[in-house]
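As they're listed, the protein sequences go chains A and B. Note that the first sequence ends on residue 280 in UniProt numbering; no numbers are left out. Note that the second sequence ends on residue 416 in UniProt numbering; no numbers are left out.
Calculated from the structure, these hints are not laboratory results. In this text, all values refer to a predicted model and were calculated from it rather than measured experimentally. Virtual Cβ for every residue (Gly too), placed ideally from N, Cα, C. Be aware that one or more of the hints could be misleading.
[Unchecked claim] Taking lysine-lysine and the DSSO-like style, the derived pairs with C-alpha atoms no more than 27 Å apart in a straight line are: (1) B:Lys135 / B:Lys153; (2) A:Lys219 / B:Lys276; (3) A:Lys57 / B:Lys406; (4) A:Lys57 / B:Lys310; (5) B:Lys398 / B:Lys102; (6) B:Lys253 / B:Lys217; (7) A:Lys57 / B:Lys215; (8) B:Lys229 / B:Lys319; (9) B:Lys54 / B:Lys229; (10) A:Lys57 / B:Lys77; (11) A:Lys57 / B:Lys217.
[Unchecked claim] Derived DEER-like restraints, expressed as beta-carbon distance ranges: (12) A:Ala28 / B:Gln355: 50 to 60 Å; (13) A:Pro123 / B:Lys398: 54 to 64 Å; (14) A:Arg11 / B:Val84: 54 to 64 Å; (15) A:Pro123 / B:Lys178: 22 to 32 Å.
[Said to hold, decoys possible] What the simulated footprint calls covered on chain A by chain B, stretch by stretch (three residues with Cβ under 8 Å from a Cβ of chain B suffice, anywhere in the stretch; the number is not a length): (16) 13–22; (17) 41–49.
The chain contents come next:
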Amino acid sequence: MTRAPMLGRFRYGYVAPAALLVAVLLYAPFVWTAYLSLTRYDGLAPPEWAGLANFAKLFDDPALLTSTRNTLLWVAGTMILPVGLGLLVAVLSYDLRGGAWYRVPFMLPYALSGAGLAMVWSPVLSHDGVANALLGVDTAFLQEAPANTLAMLLVWTWQQLGVNTLLFVVGLQSIPKEPIEAARLDGASGWRLFRHVIWPLMRPLTAVVVGLALVASLKTFDIVWVMTQGGPGRNSETLAVTMYKETFVASDYGYGSAVAVLLTVVTGLASYLYLRRQVR
Amino acid sequence: MIRSRMATFGVLALLLAACGGNGAATQQKKSELTLYNDKGAWTKFFDEMGALSKQRIGLGMKPTGYTDSAQYQAFIKASFRTNVKPDLFTWQTGGMLEEIVKQRQVAETTAVWQEAIKAGDLSQDLMPYYTIGGKQYCVPMNVAYWGMFYNKKIFDEHGLQPPATWDDLVKAAATLKKAGVTPFYHTSVLFSFVWFEQLMAGMDPDLYDRLSTGKAKYTDPGVVRVMEKWKELIDAGYFMNPGDKTDPGDVMKTGKAAMVSFGTWFNTSMTQRDLKAGTDYGFFVIPNVDPALPKTSVIFESGPLCSLTKAADPEAGTKYLKWWTTAEAQEKWATTRGDVSANPKVTIKDEALGQITKDAGGGKYRLVNRYFEATPPPILTAALDGFGKFVTEPGTYKEVLETIQKEADEYWSTHQ
């Protein structure tokens, strides 16, 4: 009884260190980036106020249109491939005897980092790579758009499939047995059972998996940077790559920050709209 | 209570002492310097230089090599605002050097240059690349002349000789192509500018110079002609696929392409692959496309080694740079890499490289600053992307030039 008021009196004290860390490491850089987006800044001389000039440039930059198109392609592709296939593998392997073992090969690539993954696949998909030799074709998978984005998306699927499968399996396991048995007794099976009973019961977990995949695909960077550096030209750039390139390669920190703000707004808005729909 | 307050004061005092320690460290004398560089593959050579400098001037050197130049540049720029400063670092001449000098970050080396020129360790010709506002900054870490490395065995097999004219070069390419050998290497990433600068320099070097100072446009007819010439060569099938990620050193070794155009530093890739100059490969100066030009244009680059004004021990940095220019240091630096040196006293054992160094020093060529250094960073970034697009879709050259010019217009509107 005496501990509760003590806890009450010092409750902000307990939270303060973590809140301070988050504020300093997460929100302060964000505020700084937002400020830089309103300046002309080359990373060396003091930033010069530029108002909304960088944002005006955003709408007049054909490269940004390509980045946005590619980013949307990444989002759509992620929903269909790693998420969709993850669900399929989970459902198909769930009832199998020793299903966990079938899922192991899908899980292993998740241990690799995005950059490591790209290092492995880059030579495979390059013009002189193994893919061409195995398929007996002469295609530069990483050169033409949107084929290069699709090729990288397949690599991304190879890595992400396992973790999505695992999450969906956890979702399947958390479904109470009774409604399924009742549905079976009523004669439901196969697709009908999945669509009308299993899928609605898995909705909370699906919301998490899709939400995570949505955010991850919107900020796609490492695979693209290592495999194509956004090229050739700028035809495989995503918004995150454009942000990096404008900031650190072209030393246009102001414009790069404007792209960062745009990316944050898009990611925040997409997450909000999606989660609001799920919570309803 | 008193005890806990004392403890608090104690901790604060220790923290203050630690902060003060940093301040004191700025005046400390160093016996080993850190050298940050964007040449990660050269760590072994830097280590050897560090061992030699320790022995000779009592100052060791420990290299930290980056392989991604964007990351490297971002780190160096960020380091200017922090206490984690490199003692020595590599950089680029041209606009990049000017940028950091303007911010008063780089230590002046005018005295080092004067002394080195007097001693014959540095050439007067190099000085303009290191001069900003009448003063010198940094010293040459390396110099390089660009030309064509060729697979000698393939040339011998097809009865080819290093070409003396542009027509000879195209004829050699046609012969190789007919025999099923890909004549030239090119790429869509980073070094996508190589053939642009080479053709510009061989067709209209004055226009090249005007372009790099914003006095000409990428959409000018002369530049368009260069792109058309480049496209002509691509359309003739003289280049390997730009999406091929084989290391250029291996391209040369395996004969995937018979010729690779790079700076003399590419020789290091050959020596690292146990290839022998004159037997396995050769090097020639690329002839001008326009035979009417008075001198053959040779692309030239020089990479600086710099120290900071606010480094922990600026004196040690200057001492090191001074030693770096000496014949003894340069002899070691050039021979371990199998490359040319900025010090005229150093003899180059490789016959072809020795010859180009001598000829260039003797004024035989028109030296043209490499595109990388000659072009301001924002235009360079747009151009590298543009040329990368062009080599994969040669039909887009006009669109590419317009895109680069758009960036150039924006840059020069505030930098003329």
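Consistency of the hints with the structure:
Of the supplied pair hints, the one linking B:Lys135 and B:Lys153 is violated, its CA atoms being roughly 48 Å apart against a limit of 27 Å. Taking the CA atoms of A:Lys219 and B:Lys276, the gap is about 47 Å. The hint is violated against a cut of 27 Å. Note on A:Lys57 and B:Lys406: the hinted pairing holds, with a Cα-Cα distance of about 12 Å set against a maximum of 27 Å. For a cut-off of 27 Å, the pair hint linking A:Lys57 to B:Lys310 is broken: about 37 Å separates their Cα positions.
The hinted pair formed by B:Lys398 and B:Lys102 fails the criterion: a straight-line CA distance of about 35 Å is larger than 27 Å. Of the pairs offered as hints, the one joining B:Lys253 and B:Lys217 is violated, with about 39 Å between alpha carbons and a cut-off of 27 Å exceeded. Taking the CA atoms of A:Lys57 and B:Lys215, the gap is near 24 Å; set against the 27 Å cutoff, the hint holds. Using a Cα cut-off of 27 Å, the hinted pair B:Lys229 and B:Lys319 is violated, with the two alpha carbons roughly 49 Å apart.
Simply put, B:Lys54 and B:Lys229 have alpha-carbon atoms about 52 Å apart, too far for the 27 Å limit, and the pair is violated. Taken as a hint, the A:Lys57 and B:Lys77 pair is honoured in the structure, with Cα atoms around 25 Å apart against an allowance of 27 Å. A C-alpha spacing of about 21 Å is found between A:Lys57 and B:Lys217, which places the hinted pair at or below 27 Å, so the restraint holds. Hint check: A:Ala28 to B:Gln355, Cβ distance near 58 Å, so the stated range 50 to 60 Å holds.
At roughly 33 Å, the beta-carbon separation of A:Pro123 and B:Lys398 lies outside the given 54 to 64 Å, and the hint is violated. Checking the proposed 54 to 64 Å range against A:Arg11 and B:Val84 shows it is violated: the Cβ atoms sit about 38 Å from each other. Restraint check, A:Pro123 to B:Lys178: a C-beta distance of roughly 30 Å satisfies the suggested window 22 to 32 Å. Coverage of the stretch 13–22 of chain A by chain B is violated in this model, with 0 residues showing a Cβ closer than 8 Å to a Cβ of that chain against a need of three.
Counting residues of the stretch 41–49 of chain A whose C-beta sits closer than 8 Å to any C-beta of chain B gives 4, which meets the bar of three, so the coverage hint holds.
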